[in-house]
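Asks: Fit chain B to the given chain A structure using the hints.
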Amino acid sequence: MPKKTFLRRYATVSLAALCLSLPLLSQAATPSLVTPGQLTYGTAATFMPFEFTQNGQLTGFDIDLITALSKKLALKPAPMSMEFKGLIPALQGKRLDIINSAMYINPTRAQQVDFVPYLKIGSRVIVAKGNPEKITGRDLSLCGKNIAVTLGGIEESQARADNQKCLDAKKSAINVLTFPAATDSAVAVAQKRADAEYLSTPGAVALLSEKGDTFETTGPEFEAETHIGFAVRKGDTEMKTLLETGLNDLVADGSYQKLINKWQFPASVSIF
Amino acid sequence: MSLDLVWQYLLSPAFFQGAVMTLLITVCSLFFGVVMGLVLALLQESRFRAGPVLAFFYLWLFRGTPVLFQIIFVYNVLPSFGLRFSAFTCAVMALSLNEGAYMAEILRSGLQAVRSGQRTAGMALGMTQGQIMRKIVLPQAARIVLPPMGNQMISMLKSSALVSVIAVQELLLIANQTASASFRYFEALCAAGIYYLALTTVFMIGQAWLERALDPKKRKKPALSLTERLLRSSSPQ
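So the protein lines, in turn, are chains A and B. The numbers in my numbering rise by one with no breaks, and the one at position 151 of the first sequence is 151. If you want my numbering, it's the 1-based position in the second sequence plus 1000.
I should point out that these hints are in silico values taken from the structure, not numbers from a laboratory. These figures come from a predicted structure and were not determined experimentally. Heads up, some of the hints might be wrong.
Here are the computed lysine-lysine pairs in the DSSO-like style, where the Cα-Cα straight-line distance is at most 30 Å [what the hints assert, rightly or not]:
hint: 1; chain 1: A; residue 1: K211; chain 2: A; residue 2: K262
hint: 2; chain 1: A; residue 1: K85; chain 2: B; residue 2: K1218
hint: 3; chain 1: B; residue 1: K1158; chain 2: A; residue 2: K192
hint: 4; chain 1: A; residue 1: K165; chain 2: A; residue 2: K129
hint: 5; chain 1: A; residue 1: K145; chain 2: A; residue 2: K262
hint: 6; chain 1: A; residue 1: K94; chain 2: A; residue 2: K76
hint: 7; chain 1: B; residue 1: K1158; chain 2: A; residue 2: K94
hint: 8; chain 1: A; residue 1: K72; chain 2: A; residue 2: K234
Pairwise CB distance ranges (calculated) [what the hints assert, rightly or not]:
hint: 9; chain 1: B; residue 1: F1048; chain 2: A; residue 2: N175; range: 53 to 59 Å
hint: 10; chain 1: A; residue 1: S32; chain 2: B; residue 2: A1050; range: 43 to 49 Å
hint: 11; chain 1: A; residue 1: Q164; chain 2: B; residue 2: L1210; range: 42 to 48 Å
hint: 12; chain 1: A; residue 1: D64; chain 2: B; residue 2: E1045; range: 57 to 63 Å
hint: 13; chain 1: A; residue 1: T237; chain 2: B; residue 2: G1082; range: 22 to 28 Å
hint: 14; chain 1: B; residue 1: L1011; chain 2: A; residue 2: S172; range: 45 to 51 Å
hint: 15; chain 1: B; residue 1: G1193; chain 2: A; residue 2: K211; range: 18 to 24 Å
hint: 16; chain 1: B; residue 1: V1202; chain 2: A; residue 2: K85; range: 27 to 33 Å
hint: 17; chain 1: A; residue 1: A173; chain 2: B; residue 2: R1049; range: 56 to 62 Å
hint: 18; chain 1: B; residue 1: L1210; chain 2: A; residue 2: P180; range: 47 to 53 Å
hint: 19; chain 1: A; residue 1: Q257; chain 2: B; residue 2: W1060; range: 54 to 60 Å
Idealized CB from N, CA, C, for every residue including glycine.
This is chain A alone, in the form it adopts within the complex (with noise of 0.2 Å):
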């Protein structure tokens, strides 16, 4: 069966061939650039209003910043779509050159990477609408009841610091359930697993507009000093430099202030 033997041995060589010419091997990189040319910034795009994707495309707040940030820099933009969990090692394994991912800064990640940060957001306290539970906001309201919140976000913090609080005022503790993503956590709180979740304020904004069917916010917004910003390998100097320069560029002729006003955030969210 000269025929049949020669189409498996086909089938299996182009089998091999088709795995091993798809990906390219990337260019040699330079010191500063993981490609010369390129800003490859790293992105978790399930975090609306700052990144998501749009009919295929991304887009957000981070992703119309970091645009017009290498317009001024001479680079073009080359985003990479992955999960949060895979953002910090990527950009240690020179995969990246950025992170834009409307990281939060705090100590335990500053000692991992560089920040140069642009923006100050701050939280809110979803719930179901009607507001079920009768939760009045961040407060001890909230002792005893279920609080969704995206692992490893600030929001998990603080809502284990709310949970300290509740035990310091000898109330029930909080029992804090971390999910992977804003939108199961919403879900969540959706599905009455959670009876609250905490927020950030253009997140929020967002979920409410999509789905105000479904969710309220109550109580006033809280910790509004949170800083977040691009992270930059530790030490690499050199990139955060451009990036500070870059910033403050685009807020001397006023595209900072635009992108602001074009995703609506609140005026406060501006640290320049």
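Replies: The following block gives chain B in isolation, referenced to the frame of chain A:
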């Protein structure tokens, strides 16, 4: 829950591309995984002392660590040793290395299931070692390993979702990204689930066809309809 939206997601190019990526990763990783597994299974059977020791170390390492860790390691740590591959290659590499360890055990069980008396009989007929392997052991072993390999293939289809952590745009990542923009979680996941089921169906049909092709007894029977064939292949006979 809106069925229209599920339908819309199903037909969207983003989901389709995600499904193609998932299929491509699965098929490539399976191919290299089986090759790897075969090498390891033969190493375990080999007469040289180093063979089994090497195979044992490999199995210990790749079955003993989470696949997610292996994926991140290949993608982010190897570049510091000067080995730099694209995200897709890294994904296939990590999954094949992991798959190889499991395939090795499946293949070894198949090889050992062919009794040694049959090899002796082959030798008595004057066959060479290679001929015995090709004409006696492998045809029988292939039939034995197919059902567990089918399991392994389908579980690989789903573990391919883990590679989203290294920026490979596979099906589940697309679904998550879509859901996070529209907050329509169930619709996006349903669409992804339908794609996964469709791919699983293809794999199961392939398995049923292979089982028939490899078994001379089944081959002689009149062809069964597709559903009958699927039902038979998944039930004991």
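Asks: Take the hints in turn and mark each one as holding or not.
Replies: Hints, one by one, checked against the model:
no.	hint	result
1	A:K211 <-> A:K262	holds (21 Å)
2	A:K85 <-> B:K1218	violated (49 Å)
3	B:K1158 <-> A:K192	holds (29 Å)
4	A:K165 <-> A:K129	holds (26 Å)
5	A:K145 <-> A:K262	violated (36 Å)
6	A:K94 <-> A:K76	holds (18 Å)
7	B:K1158 <-> A:K94	holds (28 Å)
8	A:K72 <-> A:K234	holds (23 Å)
9	B:F1048 <-> A:N175: 53 to 59 Å	holds (57 Å)
10	A:S32 <-> B:A1050: 43 to 49 Å	holds (45 Å)
11	A:Q164 <-> B:L1210: 42 to 48 Å	violated (59 Å)
12	A:D64 <-> B:E1045: 57 to 63 Å	holds (60 Å)
13	A:T237 <-> B:G1082: 22 to 28 Å	holds (25 Å)
14	B:L1011 <-> A:S172: 45 to 51 Å	holds (49 Å)
15	B:G1193 <-> A:K211: 18 to 24 Å	holds (22 Å)
16	B:V1202 <-> A:K85: 27 to 33 Å	holds (31 Å)
17	A:A173 <-> B:R1049: 56 to 62 Å	holds (58 Å)
18	B:L1210 <-> A:P180: 47 to 53 Å	violated (37 Å)
19	A:Q257 <-> B:W1060: 54 to 60 Å	holds (58 Å)
Of the numbered hints stated above, those contradicted by the structure are hints 2, 5, 11 and 18, listed in ascending order.
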